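A.B. asks: Protein chains in written order, with UniProt numbering: chain A, 1 to 285; chain B, 1 to 285; chain C, 1 to 285; chain D, 1 to 285.
These aren't lab readings, by the way, just hints derived from the structure by calculation. Certain hints may be false.
[Unchecked claim] Within a straight-line C-alpha distance of at most 30 Å, the following computed BS3-like cross-link-like pairs (lysine-lysine) qualify:
{"no.": "1", "chain 1": "A", "residue 1": "LYS97", "chain 2": "D", "residue 2": "LYS110"}
{"no.": "2", "chain 1": "D", "residue 1": "LYS110", "chain 2": "A", "residue 2": "LYS246"}
{"no.": "3", "chain 1": "A", "residue 1": "LYS246", "chain 2": "B", "residue 2": "LYS73"}
{"no.": "4", "chain 1": "A", "residue 1": "LYS97", "chain 2": "D", "residue 2": "LYS97"}
{"no.": "5", "chain 1": "D", "residue 1": "LYS89", "chain 2": "A", "residue 2": "LYS97"}
{"no.": "6", "chain 1": "B", "residue 1": "LYS68", "chain 2": "D", "residue 2": "LYS45"}
{"no.": "7", "chain 1": "A", "residue 1": "LYS110", "chain 2": "D", "residue 2": "LYS97"}
{"no.": "8", "chain 1": "A", "residue 1": "LYS246", "chain 2": "B", "residue 2": "LYS110"}
{"no.": "9", "chain 1": "B", "residue 1": "LYS110", "chain 2": "C", "residue 2": "LYS146"}
{"no.": "10", "chain 1": "B", "residue 1": "LYS110", "chain 2": "C", "residue 2": "LYS110"}
{"no.": "11", "chain 1": "C", "residue 1": "LYS188", "chain 2": "D", "residue 2": "LYS45"}
{"no.": "12", "chain 1": "B", "residue 1": "LYS110", "chain 2": "C", "residue 2": "LYS45"}
{"no.": "13", "chain 1": "D", "residue 1": "LYS73", "chain 2": "C", "residue 2": "LYS246"}
{"no.": "14", "chain 1": "C", "residue 1": "LYS110", "chain 2": "B", "residue 2": "LYS146"}
[Claimed, not checked] What follows is a set of in silico ranges between Cβ atoms, one per label pair, in the way DEER data are often shown:
{"no.": "15", "chain 1": "D", "residue 1": "LYS45", "chain 2": "B", "residue 2": "LYS184", "range": "37 to 47 Å"}
{"no.": "16", "chain 1": "A", "residue 1": "ASN279", "chain 2": "D", "residue 2": "ILE176", "range": "50 to 60 Å"}
{"no.": "17", "chain 1": "D", "residue 1": "LYS184", "chain 2": "A", "residue 2": "HIS187", "range": "32 to 42 Å"}
{"no.": "18", "chain 1": "B", "residue 1": "GLN15", "chain 2": "D", "residue 2": "LYS184", "range": "38 to 48 Å"}
{"no.": "19", "chain 1": "D", "residue 1": "GLN227", "chain 2": "C", "residue 2": "ASP249", "range": "19 to 29 Å"}
{"no.": "20", "chain 1": "C", "residue 1": "GLY202", "chain 2": "B", "residue 2": "SER111", "range": "19 to 29 Å"}
[Unchecked claim] Computed, partial: chain B to chain D, Cβ under 7 Å:
{"no.": "21", "residue": "PRO13"}
{"no.": "22", "residue": "GLY17"}
{"no.": "23", "residue": "VAL19"}
{"no.": "24", "residue": "GLU24"}
{"no.": "25", "residue": "ILE25"}
{"no.": "26", "residue": "TRP32"}
{"no.": "27", "residue": "ILE33"}
{"no.": "28", "residue": "SER34"}
{"no.": "29", "residue": "HIS38"}
{"no.": "30", "residue": "SER40"}
If you're wondering where the values come from, they're calculated on a predicted model, not measured in any experiment. Note that the Cβ used here is the ideal one computed from N, Cα and C, for glycine as well.
Number of protein chains: 4
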Amino acid sequence: MTNRTYRIVLDCPDQVGIVTRVGEIIASNGGWISEASHHSDVESKWFFSRLEVQADSLLIGPAELEQKFAQLKQELNLNLRIEDTDQPKRVVLMASKGSHCMSDLLDRWKSGDLHCEIPCVISNHEDMRGLVEWYGIPFHHVVIDKDDKTPGFAKVEELVDEYQADCVVLARYMQILPQALCEKLRHKVINIHHSFLPSFIGARPYHQASRRGVKLIGATCHYVTEQLDEGPIIDQDVVRVSHSDKVEDLVRLGKDVEKTVLARGLRAHLEDRVLVHGNQTVVFN
Amino acid sequence: MTNRTYRIVLDCPDQVGIVTRVGEIIASNGGWISEASHHSDVESKWFFSRLEVQADSLLIGPAELEQKFAQLKQELNLNLRIEDTDQPKRVVLMASKGSHCMSDLLDRWKSGDLHCEIPCVISNHEDMRGLVEWYGIPFHHVVIDKDDKTPGFAKVEELVDEYQADCVVLARYMQILPQALCEKLRHKVINIHHSFLPSFIGARPYHQASRRGVKLIGATCHYVTEQLDEGPIIDQDVVRVSHSDKVEDLVRLGKDVEKTVLARGLRAHLEDRVLVHGNQTVVFN
Amino acid sequence: MTNRTYRIVLDCPDQVGIVTRVGEIIASNGGWISEASHHSDVESKWFFSRLEVQADSLLIGPAELEQKFAQLKQELNLNLRIEDTDQPKRVVLMASKGSHCMSDLLDRWKSGDLHCEIPCVISNHEDMRGLVEWYGIPFHHVVIDKDDKTPGFAKVEELVDEYQADCVVLARYMQILPQALCEKLRHKVINIHHSFLPSFIGARPYHQASRRGVKLIGATCHYVTEQLDEGPIIDQDVVRVSHSDKVEDLVRLGKDVEKTVLARGLRAHLEDRVLVHGNQTVVFN
Amino acid sequence: MTNRTYRIVLDCPDQVGIVTRVGEIIASNGGWISEASHHSDVESKWFFSRLEVQADSLLIGPAELEQKFAQLKQELNLNLRIEDTDQPKRVVLMASKGSHCMSDLLDRWKSGDLHCEIPCVISNHEDMRGLVEWYGIPFHHVVIDKDDKTPGFAKVEELVDEYQADCVVLARYMQILPQALCEKLRHKVINIHHSFLPSFIGARPYHQASRRGVKLIGATCHYVTEQLDEGPIIDQDVVRVSHSDKVEDLVRLGKDVEKTVLARGLRAHLEDRVLVHGNQTVVFN
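Build out the structure end to end from the sequences listed, making use of the hints.
C.D. replies: Given below as C-alpha cells:
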C-alpha cells in the first residue's frame with residue numbers, strides 16, 4: 001500500500017443530504033475521494049458510509065480533519081472515525097493446536113497481503129512456537145487451567161493491553177473468552193467458527209454436520225460477543241461434501257474454508273470496511 | 001436417452017466379495033456394465049451400489065434378471081431393485097402460487113433434460129393452470145381448506161393413486177402433507193426448502209436469514225418425512241448476499257437456488273442415484 | 001418496485017470534488033439519495049458514478065433535473081443520463097430453438113422480478129410461438145436465409161425500430177447480427193455466450209471444452225460488438241464438470257449457467273448498473 | 001491414514017466383464033474392496049478403474065497380487081499398477097519467490113493432510129530457505145542462468161534422481177522445464193498455472209485478465225508436458241472479481257485459488273485418483 005489514505009467511516013440516522021454535507025467538508029479542504037460507499041438501511045432507517053481520501057490531497061492531518069466534522073457529528077448524531085493507513089492496526093493472534101489458520105495468516109502477512117502489525121501470538125499450547133518465532137513474532141504460551149480459567153485469561157488480557165492490540169483474532173483458539181473480555185473488546189475480537197452459522201452452533205460442528213447428512217459444509221467469521229457463536233457475521237463460505245466424506249474429511253475440507261473466510265473477514269476489518277449495527281454488519285466492497 | 005439400460009440399485013450389510021458376486025451374475029448373463037458406483041459406509045458398516053447394464057447386452061429381461069439375484073438377496077440380506085430406463089418414472093408436480101420451480105421443471109421436461117413422465121400437476125391455486133395446460137399436462141385445482149384439510153388431501157391422495165405416481169415433487173407447495181401420506185409415499189416425495197438446512201427450519205426462512213445477517217442463503221432438496229424439514233437431504237446450494245439485499249432480494253435470489261437445486265435433486269432421483277439409509281443419502285455421481 | 005426513483009448515471013475524467021458537486025445539485029433540489037456508488041479507475045483516470053434519488057423527495061422532474069446538470073456536464077466533460085424507474089426499458093428478446101433462456105426470462109418477467117416491458121419476441125424458428133403467446137407477447141418469426149441474410153436482418157431492424165426497443169437480448173439466438181446493426185445498437189444488445197470467455201470463442205464451445213478436458217464450464221453475458229464474442233463482459237459464471245460428463249452433459253449443465261448469467265446481466269443492465277468504458281464494464285452492486 | 005490399503009489402478013480398451021474379472025482375482029485372494037470407481041469413455045471406448053483393497057484382508061502382498069493379474073493384463077491389454085499406502089510417494093517441491101503455495105503445502109504436509117514424503121525443496125531463489133528448513137526439509141538453491149539454463153536444469157535433474165522423486169510439484173516455479181525433463185517425468189510433474197486454462201496461456205495472465213475485463217479469474221493444476229500450459233488438466237477453480245480490482249488485487253485473489261487448486265490436484269495425484277488418457281484426465285472422487 002504505497003498510497004497513504006484516510007478512511008472516514010461513519011453511521012447515523014438516515015436523512016436527506018448526508019453524503020453532500022460530508023463531501024463538502026472533505027472538498028473544502030481539498031480532499032480527493034478515491035473510493036466511496038454508502039448504504040441506507042430501509043428498515044432501521046440508518047445510514048452507513050465509508051470514504052477513502054488521498055492523504056496528500058488534504059492540507060490538514062487526520063486529527064484536524066476530524067475536528068472539521070465536530071459540528072456535523074453533533075447535528076447528525078454521527079458515529080465517525082478516521083483511520084490513517086500509515087497507522088496499521090495491531091493484531092494479536094490467538095490459536096490452540098490447529099495450525100492451518102495461523103500458518104495461512106502469517107504467510108499473508110509476510111507477503112504484504114495483510115496490512116497490519118502482528119505484535120505477538122498467544123496460545124494455550126506450545127506447538128506453534130517454532131513457526132511463529134521463525135516469522136520473528138513473539139510467542140506467548142498462556143495455559144488456561146480447566147479448573148480455574150481466571151488466571152490464564154487475566155494473563156491474556158494483560159498481554160493484549162501490553163501489546164496495545166487494536167484487534168484480536170481467534171485463529172482456531174479452542175477456548176471461550178470470558179464475558180468481561182468480550183465486552184471490553186467489543187467488535188475487536190474476530191473468531192472463525194467451523195460451521196455455516198446459524199447451523200451447528202457449539203461443539204463439534206463437523207460431527208453434527210455429518211450426522212445430519214448435509215451436502216455443503218461451511219465456516220463463519222464473526223465478531224465475538226457474550227453469546228457464543230451469535231455475534232455479527234462478517235463473512236461466510238461453504239464447500240461441497242458428499243456421502244463418501246467421513247468426519248475427518250469434513251474436518252480437512254473445512255480447514256480450507258476456515259482459513260480463507262478468516263483471512264477475508266480480517267482483511268475487511270483491517271481495511272475498515274465492516275460497520276456493525278445491532279447484530280448485523282455492513283461490509284463494503 | 002437413446003440407450004436402454006437397466007439400473008441395479010442395492011444396499012446391504014457390508015462384507016467381502018459383494019461387488020464380485022453381483023458382477024458375476026451380471027457377467028454370466030452377458031451384461032455389459034457401462035457405469036458402476038460403490039460406497040462402503042464405515043460407521044454403519046453398510047454397502048451401497050448402483051450399476052448400469054446395457055439392456056441389449058443381456059439375453060434376459062429385467063424381471064428375469066431380478067430372479068437371478070433371488071438367492072444372493074437372501075444370502076446377503078440385500079435390498080435390490082432393477083429400474084428400466086424404458087419405464088420412465090411418473091412424476092406428479094405440486095405447487096402453490098410461486099411459478100419459478102414449476103416453469104423451470106416444465107421447460108426441462110419439454111426439452112428432454114428430465115427423463116420422466118408428468119401425468120398431472122396439482123395445485124391449491126388456479127394461477128398456473130394456463131401455463132401447465134400449454135405444456136399439455138392436466139391441471140387439478142385442489143383447495144386445501146384451512147379449517148379442515150382432510151378432504152383436500154384425500155383428493156390429493158386419490159389423484160396420486162389414480163395417476164400412478166412413482167414420485168411427487170413439491171415445487172414450492174406451501175402446505176404440509178399429512179403424516180399418513182408422508183408414510184405411504186416414503187422416499188417418494190421430494191421437497192425444496194428455501195433455506196440451507198438445518199438453518200432456518202420452518203416458516204419464513206428468508207426473514208430469519210435477514211434478521212441473522214447471514215452472508216449466504218441457500219436451498220435444500222430433501223425427501224419429505226413426518227418431521228418437517230428433517231428428512232434426508234438430496235442436494236443443497238447457496239448464493240452470496242450482502243447487507244444491501246432486503247428480504248425481497250433474498251426471496252428473489254433464493255429462487256434461483258431453489259429451482260436449480262430442486263431440478264438437480266429430482267434428476268438424481270429419476271436416475272436412481274439416490275439411496276437412503278436412515279436419515280442420510282448416498283448420491284452417486 | 002413501488003418506489004419511484006431517478007437513477008443518475010455518469011462518468012467523466014477523474015478530478016477532485018466530483019462527488020460533492022454532483023451531490024450539491026441533488027441536495028439543493030431536496031433530493032434524498034437512497035443509493036450511491038462511485039468508482040475511480042486508477043489506470044485510465046476515469047470516474048464512474050451511479051446514484052438513486054427518491055423521486056418524491058425532488059420538487060422537479062427528471063428532465064428539469066438534467067437541466068440543472070447542464071453547466072457541470074460541460075465543466076467536467078460529463079457523460080450523464082437520468083433514468084426514471086417509472087419508464088421501464090423496452091426489451092426485445094431474440095432466440096432460435098433452445099428454450100431455456102427464453103422460458104426463464106419470461107417467468108422472471110411475469111413474476112415481476114425483471115422490471116421491464118417485453119414488446120415482442122423475434123425468432124428465426126417457429127418453435128417458441130406458443131409459449132411466448134401464452135405470456136401475451138407478440139411473436140415474430142423472421143427467417144434468416146443462409147444464402148442472403150440481408151432481407152431477414154432488415155426485417156429484424158424494422159421490428160426493433162417499430163417496437164421502440166431500448167435493448168435487445170439475444171437469448172440463445174444462433175445468428176450473428178450484421179455489423180451495421182451492432183453499431184446502431186451499441187451497448188444495447190446483450191448476448192449470452194456459452195463459454196467462459198475468452199476461452200472457446202466461436203462455434204461449438206462445449207465440444208471445444210470437452211476436447212480440452214476442462215473441469216469447469218461457463219457462460220458469459222456481454223454487449224455485442226462488431227467483433228464476435230469480444231464485447232464488454234457484464235457477467236460470467238461457471239459450473240463444475242467431470243470426466244464422466246459427455247458433450248451432451250456439458251450442454252445440459254451449461255444451460256443452467258447460461259440462463260442464470262443472462263438474467264443477472266440483463267437485470268444489472270435494466271437497473272442501469274452497467275457502465276461501459278472501452279472494452280470493460282463497471283458493474284455497480 | 002491408519003488403514004493400509006492397496007490401490008489397484010487400471011485402464012484398457014473397454015469390453016464386457018472387466019469389472020467382474022478384476023473382482024474375481026481380488027475376491028479369490030480374500031480381498032475386501034473398500035472403494036471402487038469405474039468409468040467407460042464412450043467416445044474412445046476406453047475403460048478406467050480404481051479399487052482400494054484392505055491390505056490385511058489379503059493373504060498376499062502387493063507384488064504377489066500384481067502377479068495374479070499377469071494373465072488378465074495380457075488378455076485385456078491392461079495398464080495396471082498397484083500402489084501401497086504404506087509406501088507414500090516422494091514429492092520434490094520446486095518454487096521461486098512467491099511463498100503462498102509452498103507455505104500452504106508445507107502446513108498441510110505437517111498436519112498430516114497430505115500423505116507423502118517431501119525429501120527436498122528446490123528453488124532458483126534463496127527466499128524460502130528459512131521456512132523450508134524450519135519444517136526440517138533440505139533446501140537446495142539451484143540458480144537457473146538465463147543465458148545458459150542447461151547446467152541449472154542438469155542440477156535439478158540430478159537432485160530429482162538423487163532424492164528418488166516419484167513426483168515433482170511446481171509450486172509457482174517461474175521457469176519452464178526443458179523438454180527432455182518433461183518427457184522423462186511424464187505425468188509426474190504437476191504445475192499450477194495462474195489462469196483458468198485455456199484462457200490466458202503464457203506470461204502475465206492476470207494482466208491479460210484485467211485487460212479483457214473478465215468477472216472471474218482462475219487457476220489450473222495440470223501435468224506438465226512439452227507444450228507450455230497444454231498438459232492434461234487435473235483441477236481448476238475460479239474466484240469472482242470486479243471492476244474495482246486492480247491487477248495487484250487479481251494477483252492477491254488469485255493466490256487463494258492457486259494454492260487451493262494445487263493442493264487439491266496434488267492430493268488427487270497422491271491418492272492415485274488421476275488417470276491420464278491422451279490429453280485428458282479421469283479424476284475419481
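A.B. asks: With reference to the structure, classify each hint as holding or not holding.
C.D. replies: Right, here's what the structure says about each hint:
1. A:LYS97 / D:LYS110: Holds, because 12 Å separates the two Cα atoms, which is no more than 30 Å.
2. D:LYS110 / A:LYS246: Cα-Cα ~21 Å, so holds.
3. A:LYS246 / B:LYS73: Since the Cα atoms of LYS246 of chain A and LYS73 of chain B sit roughly 28 Å apart, the hinted pair holds (cutoff 30 Å).
4. A:LYS97 / D:LYS97: Measuring from Cα to Cα gives roughly 28 Å; hence the hint holds.
5. D:LYS89 / A:LYS97: Measuring from Cα to Cα gives roughly 27 Å; hence the hint holds.
6. B:LYS68 / D:LYS45: holds, 29 Å
7. A:LYS110 / D:LYS97: holds, 12 Å
8. A:LYS246 / B:LYS110: Measuring from Cα to Cα gives roughly 39 Å; hence the hint is violated.
9. B:LYS110 / C:LYS146: With a Cα-Cα distance of about 28 Å, the restraint between LYS110 of chain B and LYS146 of chain C holds, given a limit of 30 Å.
10. B:LYS110 / C:LYS110: holds, 20 Å
11. C:LYS188 / D:LYS45: This hinted pair is violated, its Cα atoms lying about 47 Å apart.
12. B:LYS110 / C:LYS45: violated, 51 Å
13. D:LYS73 / C:LYS246: holds, 28 Å
14. C:LYS110 / B:LYS146: Roughly 28 Å between the alpha carbons, so the hint for LYS110 of chain C and LYS146 of chain B holds.
15. D:LYS45 / B:LYS184: 37 to 47 Å: holds, 45 Å
16. A:ASN279 / D:ILE176: 50 to 60 Å: 53 Å Cβ-Cβ, so the 50 to 60 Å window holds.
17. D:LYS184 / A:HIS187: 32 to 42 Å: violated, 57 Å
18. B:GLN15 / D:LYS184: 38 to 48 Å: Because 45 Å falls inside the window, the suggested range holds.
19. D:GLN227 / C:ASP249: 19 to 29 Å: For GLN227 of chain D and ASP249 of chain C the Cβ distance comes to about 27 Å; the hint holds.
20. C:GLY202 / B:SER111: 19 to 29 Å: holds, 24 Å
21. PRO13: violated, 13 Å
22. GLY17: With a minimum Cβ separation of about 4 Å from chain D (threshold 7 Å), the hint on GLY17 of chain B holds.
23. VAL19: This interface hint holds because 5 Å falls under the 7 Å limit.
24. GLU24: The hint holds - GLU24 of chain B has a Cβ within 7 Å of chain D, the shortest such distance being about 6 Å.
25. ILE25: Status violated, d = 9 Å.
26. TRP32: Cβ of TRP32 of chain B sits 5 Å from chain D, so the hint holds.
27. ILE33: Since the shortest Cβ distance to chain D is 5 Å, the answer is holds.
28. SER34: holds, 5 Å
29. HIS38: holds, 4 Å
30. SER40: Since the shortest Cβ distance to chain D is 5 Å, the answer is holds.
Hints 8, 11, 12, 17, 21 and 25 from the list above are not met by this structure, while the remaining hints are.
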